[in-house]
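**Q** Which chain is which? The protein sequence lines are A and B, in order. Okay, so the first sequence: first residue is 1 according to the numbering used here, each after it adds one. Okay, so the second sequence: first residue is 238 according to the numbering used here, each after it adds one.
In case anyone wonders, no lab produced these hints; they're calculated from the structure. Check before you lean on any hint, since a few could be wrong.
[Claimed, not checked] Between beta-carbon pairs, the in silico distance windows are:
#, chain 1, residue 1, chain 2, residue 2, range
1, A, Leu126, B, Ile313, 45 to 53 Å
2, B, Ala249, A, His204, 43 to 51 Å
3, B, Ala334, A, Pro131, 40 to 48 Å
4, B, Ser296, A, Lys137, 57 to 65 Å
5, A, Pro43, B, Val330, 32 to 40 Å
[To be verified] Incomplete in silico selection of chain A near chain B, CB under 10 Å:
#, residue
6, Ser2
7, Ala5
8, Gly118
9, Ala191
10, Ala193
11, His199
12, Leu237
Just so you know, even glycine gets a beta-carbon here, dropped at the ideal spot from N, CA and C.
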Amino acid sequence: MSTLAVEVWRGGAQGAFQSFEVPRYPSQTVLDVVTYIQRSLDPTLAYRFACRVGMCGSCAMTVNGVPRWTCRTHVDKVSRENKLVIGPLRNLPVIRDLVTDMREFFDKWARAKGSFGGNRTRQDELARVPPDSADRKKVDAGIECIGCGVCYSACDVVAWNPDYLGPAALNRAWTLVKDERDVAKTERLRAVAGDAGCHACHTHMSCTERCPMGLSPTAGISGLKRAVLGSALKGGL
Amino acid sequence: MSARTQTLLWIAQRASAAVLALCVIVHLFTIIYAVQGGLSAAEILGRTRGNVAWFTFYSIFVLGVAVHAPIGLRSIFIEWLGWRGRSRDGVVVAFAAVLAWMGMRAVFAVFV
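Just chain A, same shape as in the assembly:
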């Protein structure tokens, strides 16, 4: 049976890669590899996963230098000469081994006013949003984010400017800006403007390149830049 040479990050911010030899199977995913190491070679390895089918967004790691969802990443696709280097996500504090602290990532969603602000009660009629309306289509294009943190890890602007809200939080804000039922738009546009918000984006498009769901946070951020500018010029910001 052929084997795979795997280097896995051990430790916190300070640490080192540890080598493992893992049996190679057909259709093996990177998460399968990490699970094999933890179950058969070293039970002290810390990593995070839940659904294993690309829905929960908890198993993202850096694989051969690229942030990926490991449950849907086949070893065939990413290994080089039967070698894998697996580390924690970049731009997030490492708790231990492959587990990062996601608090700052999700706190930024809150800072970007990433929660819906409605004004209807349960006594009101349901809002009817035409599925083919222009705004609803823009919401559809960004709504399937699973919160895995891959875009945040891929973003150089986050690395340079730790205050930057990041692609996921801004993408979330954009889907709410385009939600016709939402009434907290001005407050949200104010929250996502400026040095820590959409205007800090350099349009490198690493988030769009790496998003496992095929979303384009870059497009949403561009939309936010236009929306914020429109509001600023009208004196609404």
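Since the structure of chain A is already known, use the hints to place chain B on it.
**A** Just chain B now, with coordinates in the frame of chain A:
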């Protein structure tokens, strides 16, 4: 600094970039065209002295630079040095003033 001011700085930098792109093209074509018959100070001054069109063009060029470069420098300060607050913005405004003063001094020198 308010969200509105930061947004206006952003659009000022984008708008000045568009102006500068045009200015650089005109400037480069002028250089290529003008040096064909040899390049001398007398020839340049002959073209620019008392010429309101060139004075206006280069004034716009200089002011575009004075708007564009300091806003970019401000972002570099944030990303490379983590420098925030009033001291950074003070340096950026001073840099804009120096660029505008030096540039306009040169423009006046070839106009008058």
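**Q** Hints first: check each against the structure and report whether it holds.
**A** Quick rundown of the hints versus the structure:
A C-beta distance of roughly 50 Å is found between Leu126 (chain A) and Ile313 (chain B), which places it inside the suggested range of 45 to 53 Å. In this structure the hint that Ala249 (chain B) and His204 (chain A) lie 43 to 51 Å apart at CB is violated, the actual value being about 22 Å. Remark: the range hint 40 to 48 Å for Ala334 (chain B) to Pro131 (chain A) is contradicted by a beta-carbon distance near 54 Å. For the pair Ser296 (chain B) and Lys137 (chain A), the beta carbons lie near 46 Å from each other, so the given range of 57 to 65 Å is not met.
As the Cβ distance of Pro43 (chain A) to Val330 (chain B) is approximately 59 Å, the hint placing it in 32 to 40 Å is violated. For Ser2 (chain A), the suggested interface contact is broken, since its CB lies about 45 Å from the closest CB of chain B, more than 10 Å. For the restraint placing Ala5 (chain A) at the interface with chain B, the shortest Cβ-Cβ distance is roughly 37 Å, beyond the 10 Å limit, so the hint is violated. Taking 10 Å as the C-beta cut-off, the interface hint given for Gly118 (chain A) is violated, the closest approach to chain B being about 23 Å.
With a cut of 10 Å, the hint placing Ala191 (chain A) at the interface with chain B holds, because the nearest CB-to-CB distance is about 8 Å. This hint holds: Ala193 (chain A) has a C-beta 4 Å from the nearest C-beta of chain B, less than the 10 Å allowed. Interface hint status for His199 (chain A): upheld, as the beta-carbon distance to the closest one in chain B is roughly 4 Å, under 10 Å. Because the beta carbon of Leu237 (chain A) sits about 4 Å from the nearest beta carbon in chain B, less than 10 Å, this interface hint is met.
In this structure, the hints that do not hold are numbers 2, 3, 4, 5, 6, 7, 8, in rising order.
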